[in-house]
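Chemist: What follows is each chain in one-letter form.
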Amino acid sequence: MKEQILIIEDDEAFRKTLTNLLKKEGYSVTGVSDGFQAIELAKKSLFELIIADVRLPKGMDGIEAVSIIKGIRPEIKVIVIIITGYTDENAPVRALRMGVDDYLYKPFKMEVFLHSVERNIKMYRLEEEKKEHLEMLEKMNEELNVAQHELIQSKKELEDYSKRLEQKVEERTKQLKETQSQLVQSAKMSTIGQLGSAVAHELNNPIGGILGYAQFILQKLSKPDVVPKDFKTCKQYIAYIEEEAKRCKSIVENLLSFSRKPLIALESVDIKQLIENTLSIIRHQLELQNIKLTTNYEPKLPSISGNVNQLQQVFTNIIINAQHAMPKGGKLNIRVSTKMKDGKKHLQISFKDTGCGIPKKNLEKVFEPFFTTKEDWQSIGLGLSITYQIIKELKGIITAQSKVGKETTFTITLPVSSS
Amino acid sequence: MKNKSKKICVLVVDDEDVMRNLFTDLLTERGYEVIAVKNGLEAVEKVKEINFAIAFIDVHMPLMNGVETLMTIKKIKPQTRIVMMDSFPNALIEEARREGAITCIHKPFEINEVTDIMEEIVEQKERI
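Sequence lines, in order, name chains A and B. My numbering puts the first residue of the first sequence at 57, with every later residue one more than the last. My numbering puts the first residue of the second sequence at 728, with every later residue one more than the last.
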C-alpha cells in the first residue's frame, strides 16, 4: 500500500491538480485548504507526506501548520514538502528551522514536483527500511547476547560435569583395580588351595618321617640305660631325617618355580653334553625297564643360552614321563638338530617314545599345572607345567604330538645364543 | 606262616619308604612283629598268611587305595583292627570309618599316637 499524503493548499484548482497527479501514482491523497483542517485530520490519521503551501488563509501559514502537526507525534518522521512563491523571504529559513525535506518554488513543472515526491518517498522508505533493519539487528544482537550467555553457562556446566565425571571415573577405576587385585588374590588363593592338598600330601609324608624319627630318637636317648648301640641306631635315624628334610626342600623349590620367577643365571649350554649327562644318571633304570635308548645329534651343534640345572630338570622330566608311558618297555629316541625359525637359528630337541600315547583331549592340557592322569598321588602334575615355564623363560617353545597306543613326541625349540 | 611266640603282629601298608621304616623301627623296638608293605595287593597276600592284630593303612596309594584295601582285608580276616592314615582332609577317610576303621591318624603324627593305640590293643588282649 502506498503512503498517505496530505496536501494543504487553498488554491482549489492547484490542489486538485496535485491530488489527481499523485492519485494516479497510486498514493492515497487527502487535500485541505487551511492549516486548521489539516491539524484536525492529522490528529486522526497518520500521513507520511505533507505538502503544504506557505501562504494559507485564516492566519496560520503552512510552516506553522506543519510544525504543529509534527508536534502531534514527535517521534514519528513525516516528510515535508513546502511550496512557496518567491515573495516569502523568511519562509525558507523558518522552514529549515522546522525541518523540511524539500522546498518548491512556484511555478514549477509537474515532473519536478513528482520527482521531488518520489525522491523523498523513496528516501523515507529507505529510512524506514533502515530503521527496521536496525531494529532487527538490535533484536538479533540481543538474542545473540542471550545465546552467548547461555553458551557460557552451558560450557561451565559441561566443565563441571566433565570434572565430576573424571572424579567418578577415577573412583570407579580405583574400585575396579581393587576388585581386580582381589580376584587375582582369590585366584591365587584358589590355586594355593588346590596346591594345598597336593602339597599337604607331598610334604606331610616326609615331615611325618622327620617328626616320628625325631621323637623316637629323643625317647631312646632319654632312657636311663642308653647303650652305644643306641647311638649307632640313632645315627641312622638322623640320616633318615636329613634325607626327608632335603626332600621337603626340593618339593618347596618345585612349588616356588611354579609360583614365582626366580632370577636364574644364564650360561652358554652345550645341549649334547647336557643330555648325555642326564642320560648317564637314568640310562640304567631305562635299561632295567627294557627301554631301548637311541640318540641322534646333528654335527657341530651351536650352544644355547640357558641354565644347566633347569634344563636338566626339563630333560629328566620328559624322559621319566616317557619311561612311565612304557611300563613294559619300548623305545626312546632323542634327536637334536638345528632349524631356522622366523629367520633365526634354533635348536630342536625331540623326545619320541613308543608308549601309550596321549589322547587328543588331554594333549591340549598336558602343560597345565596339576593336570595329571596318573592314579598315584605321588604325581601332582607339576612336572610338565614347570618344564613349560622354564622353556618359555628361555624364549623357546615346547610342543607335544601323540598317537594313542603308538607314540608320543615332545619337541623343544630354543633360540641359539647370538654370541 | 603263623604267629611265633606271643608277639602281636602289626601290618603297615604305605607307599612311602620313610613311613614304613618308621613304623618298623618304632614298633619292633617295643616288641611287636612288624610287616611293612608298599601297596594293597601285597597287604592282602600277607593277611591271608598271617593273623594281624592291627593294620595301619594309608588312604592314598597306587593300584589299590586304602579303603579298597580295608574292605578286602575285612573280608578275609574280619577281626583285624584297621587304623587309617592320611596326609590331608579328604572324603575317603569318612568312607573308611563307615567301612569299619577303628580310628584315623593324620600325618605328620606324633609317635605316641601310634604307641597309645598299640597299648590299648595290648590291654584289650590281656583282659580277654
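If you're looking for bench data, these hints aren't it; they were derived computationally from the structure. Remember, predicted model here, so these are calculated numbers, not experimental data. A hint or two may mislead.
[As the list claims (entries may be wrong)] Part of the chain B face toward chain A, derived, beta carbon under 8 angstroms:
| id | residue |
| --- | --- |
| 1 | Val745 |
| 2 | Asp752 |
| 3 | Thr755 |
| 4 | Tyr759 |
| 5 | Met791 |
| 6 | Thr799 |
| 7 | Ser814 |
| 8 | Leu819 |
| 9 | Ile820 |
| 10 | Cys831 |
| 11 | Pro835 |
| 12 | Glu837 |
| 13 | Asp843 |
[What the hints assert, rightly or not] No more than 25 angstroms apart at the CA atoms, straight line, and that leaves these computed lysine-lysine pairs for PhoX-like:
| id | chain 1 | residue 1 | chain 2 | residue 2 |
| --- | --- | --- | --- | --- |
| 14 | B | Lys734 | A | Lys276 |
| 15 | A | Lys462 | A | Lys416 |
| 16 | A | Lys302 | B | Lys775 |
| 17 | A | Lys162 | A | Lys80 |
| 18 | A | Lys384 | A | Lys459 |
| 19 | B | Lys775 | A | Lys279 |
| 20 | A | Lys219 | A | Lys195 |
| 21 | B | Lys852 | B | Lys734 |
| 22 | B | Lys765 | A | Lys384 |
| 23 | A | Lys328 | A | Lys395 |
| 24 | A | Lys451 | A | Lys400 |
| 25 | A | Lys397 | A | Lys384 |
| 26 | A | Lys187 | A | Lys58 |
| 27 | B | Lys775 | B | Lys733 |
| 28 | A | Lys285 | B | Lys852 |
We put the CB at the ideal spot given by N, CA and C, even for glycine.
Chemist: Which hints from the list above does the structure break, by number from lowest to highest?
Modeler: 3, 4, 5, 6, 8, 9, 10, 13, 16, 19, 20, 25, 28
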